[in-house]
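Those protein sequences? They're chains V and D, same order as listed.
In terms of the working numbering, the numbers along the first sequence are unbroken and rise by one, the last being 232.
In terms of the working numbering, the numbers along the second sequence are unbroken and rise by one, the last being 108.
It should be emphasised that the hints constitute simulated quantities derived from the structure, not laboratory data.
Cβ atoms here follow ideal geometry from the backbone N, Cα and C, with glycine treated the same way.
It is possible that part of the hints are untrue.
[Unchecked claim] Beta-carbon label-pair distances, calculated as ranges:
1. Ala12/D <-> Ala100/V: 11 to 21 Å
2. Pro66/V <-> Gly26/D: 35 to 45 Å
3. Gly26/D <-> Gln207/V: 23 to 33 Å
4. Leu90/D <-> Glu123/V: 39 to 49 Å
5. Val126/V <-> Leu105/D: 51 to 61 Å
6. Val126/V <-> Ala62/D: 21 to 31 Å
7. Glu3/D <-> Arg119/V: 31 to 41 Å
8. Gly26/D <-> Ser157/V: 44 to 54 Å
9. Leu179/V <-> Val97/D: 11 to 21 Å
10. Leu66/D <-> Ala205/V: 20 to 30 Å
11. Arg120/V <-> Ile9/D: 25 to 35 Å
12. Leu20/D <-> Leu67/V: 18 to 28 Å
13. Gly26/D <-> Ala205/V: 51 to 61 Å
[Said to hold, decoys possible] Pairs of lysine to any residue residues, derived as SDA-like cross-links and limited to a Cα-Cα distance of at most 20 Å, are as follows:
14. Lys101/V <-> Ala75/V
15. Lys101/V <-> Met60/V
16. Lys101/V <-> Thr36/D
17. Lys101/V <-> Leu16/D
18. Lys101/V <-> Gly64/V
19. Lys101/V <-> Leu24/D
20. Lys101/V <-> Leu20/D
21. Lys101/V <-> Gly19/D
22. Lys101/V <-> Leu142/V
23. Lys101/V <-> Phe76/V
24. Lys101/V <-> Leu7/V
25. Lys101/V <-> Leu90/D
26. Lys101/V <-> Ala46/V
27. Lys101/V <-> Val23/D
28. Lys101/V <-> Val22/D
[What the hints assert, rightly or not] Computed footprint of chain V on chain D; a stretch qualifies when at least three of its residues, placed anywhere within it, have a C-beta under 8 Å from a C-beta of chain V:
29. 9-16
30. 86-92
Now for the letters of each chain:
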Amino acid sequence: MNPGYRLGAREALGTPAAVLAAGYVGYGALSSDVGFSLWATLLSTAAIWALPGQLILVEMSSSGAPLFAILLAVAFSAVRFLPMTVSLLPALRAPAHGRAKEFLAAHLIAMTGWIMAMRRTPELPVADRLPYFIGFALALWLVSIAATGAGFLIAGSLPPVTKSAFVFMNPVYFLLLMLSDARTRVMALSLAGGAVCGPLIYLLAPQWSVLGGGLIGGTAAFAIHRYASRHD
Amino acid sequence: MTESLLVAICGAATYLWRGLGVVLSGRVRTESPVFTWVGCVAWAMIAGLTMRILLMPAGVLAETSLLDRAIGSAVAMLLYFVLSRRNLFLGVGSAFVTMIVLSLLQRA
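Working from the sequences, and respecting the hints, build out all of it.
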């Protein structure tokens, strides 16, 4: 077996798994609160594997939104996976790995694994990169499914204060990861552009905030970076 | 049953973007401007989503105040960047503890 798998799993089963598990305990608790079944809750983590999409699904169905609207909102919240996959896969690709492994890896792409792989894989041998990502993300996926179940089962005994503190750890985790990765100018510009445009568009059209904020903020950052590069 | 079916359909809709990403990824050169632009959009989407959740959350987090979330984020950044060598567990854990302490103080 490629050593990348074990390396990835080992690096996942520390802080990343602990933090993600805490977030998914919060999600499991929330899902049980709004009356979702245990199986649907577990399936949502396994099949959607994206906390924002899962929160949208649970909140909209609990407020009685029509099926089509829920599906559309979840689909919209997942559009970010297209540029994420397009930007990550070429960094992992090696002739030794087949197409099937790439489609498996794609299902496991989510914020934590993506950020970690973008940062870590350039340091690894080319043949180990895809196994590293799969090992890392698969370990996180399994831990998160277990944490979702645990959160669901303890929901009844969890005070609301604790529940919101659990949920709060997710955006803070993303915030710290992003800030420590903003080392290049183009990345810092993109983060700033998104941080400004995302919330602004949310005020005008909530369903467009993720996609629209990314397109406008990211394109503006790209344009400024290109312009500045030419005048350096 | 219908619930699980809805979840499964949402999972399929999510995978659609990931699968499309695999199909398209071979056609974009890593050093090309298109690739840089796609990366910019991806980072901006995540930054926008994170800021939106912190500023205008939905669900249980909406019951906390903006000030609480700001203090929690500040404490996390302080512990992560200043007081530890970028230890994520300490950073994120301090956000959890801060949020609980602030909520308890407001009740008392």
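Now for the hints, and whether the structure bears them out:
Our hint of 11 to 21 Å for Ala12/D and Ala100/V holds, since their Cβ atoms are close to 18 Å apart. Restraint check, Pro66/V to Gly26/D: a C-beta distance of roughly 38 Å satisfies the suggested window 35 to 45 Å. Remark: the range hint 23 to 33 Å for Gly26/D to Gln207/V is upheld by a beta-carbon distance near 31 Å. A beta carbon spacing of about 24 Å between Leu90/D and Glu123/V contradicts the range 39 to 49 Å that was offered as a hint.
In this structure the supplied range 51 to 61 Å holds for Val126/V paired with Leu105/D, their Cβ-Cβ distance being about 53 Å. Val126/V and Ala62/D have their C-beta atoms about 46 Å apart, which leaves the hinted 21 to 31 Å range violated. Range check, Glu3/D to Arg119/V: about 37 Å between beta-carbon atoms, so the 31 to 41 Å window is met. Checked against the hint of 44 to 54 Å, the pair Gly26/D and Ser157/V passes, with Cβ atoms roughly 50 Å apart.
Distance hint check for Leu179/V and Val97/D: the Cβ-Cβ separation is about 20 Å, which falls inside the suggested range of 11 to 21 Å. For the pair Leu66/D and Ala205/V, the beta carbons lie near 22 Å from each other, so the given range of 20 to 30 Å is met. Separated by about 34 Å at the C-beta atoms, Arg120/V and Ile9/D satisfy the suggested range of 25 to 35 Å. Taking 18 to 28 Å as the suggested C-beta distance range, the pair Leu20/D and Leu67/V conforms, at roughly 23 Å.
As the Cβ distance of Gly26/D to Ala205/V is approximately 33 Å, the hint placing it in 51 to 61 Å is violated. A C-alpha spacing of about 23 Å is found between Lys101/V and Ala75/V, which places the hinted pair above 20 Å, so the restraint is violated. For the proposed pair Lys101/V and Met60/V, the alpha carbon gap of about 33 Å is over 20 Å, so the pair is violated. For the suggested pair Lys101/V and Thr36/D, the alpha carbons sit about 25 Å apart, so the restraint of at most 20 Å is broken.
Using a Cα cut-off of 20 Å, the hinted pair Lys101/V and Leu16/D holds, with the two alpha carbons roughly 16 Å apart. Pair hint Lys101/V plus Gly64/V does not hold up; C-alpha atoms about 38 Å apart against a cutoff of 20 Å. With a CA separation close to 16 Å, the supplied pair Lys101/V and Leu24/D stays within the 20 Å bound. Restraint check for Lys101/V and Leu20/D: the C-alpha separation of about 15 Å stays at or below 20 Å, so the hint holds.
At roughly 12 Å between alpha-carbon atoms, Lys101/V and Gly19/D fall within 20 Å of each other, so this suggested pair holds. Under the criterion of a C-alpha separation no larger than 20 Å, the hint pairing Lys101/V with Leu142/V is consistent with the structure, at around 18 Å. A hinted pair counts as satisfied when its Cα atoms are at most 20 Å apart, and Lys101/V with Phe76/V does not qualify at roughly 25 Å. For the hint pairing Lys101/V with Leu7/V, the CA-to-CA distance comes to about 17 Å; that is within 20 Å, so the pair holds.
With a C-alpha separation of about 34 Å, the suggested pair Lys101/V and Leu90/D falls outside the 20 Å cut-off, and the hint is violated. In summary, the hint linking Lys101/V to Ala46/V is supported, as the alpha carbons are separated by about 18 Å, within the 20 Å threshold. The straight-line distance between the Cα atoms of Lys101/V and Val23/D is roughly 13 Å, inside the 20 Å bound, and the hint therefore holds. For the hint pairing Lys101/V with Val22/D, the CA-to-CA distance comes to about 10 Å; that is within 20 Å, so the pair holds.
A count of 8 residues in the segment 9-16 of chain D with a Cβ less than 8 Å from any Cβ of chain V is obtained; the coverage claim is therefore met, three being the minimum. Coverage of the segment 86-92 of chain D by chain V holds. Counting CB-CB distances below 8 Å, 6 residues qualify, and the rule asks for three or more.
Violated hints, in rising order: 4, 6, 13, 14, 15, 16, 18, 23, 25; the structure is consistent with all others.
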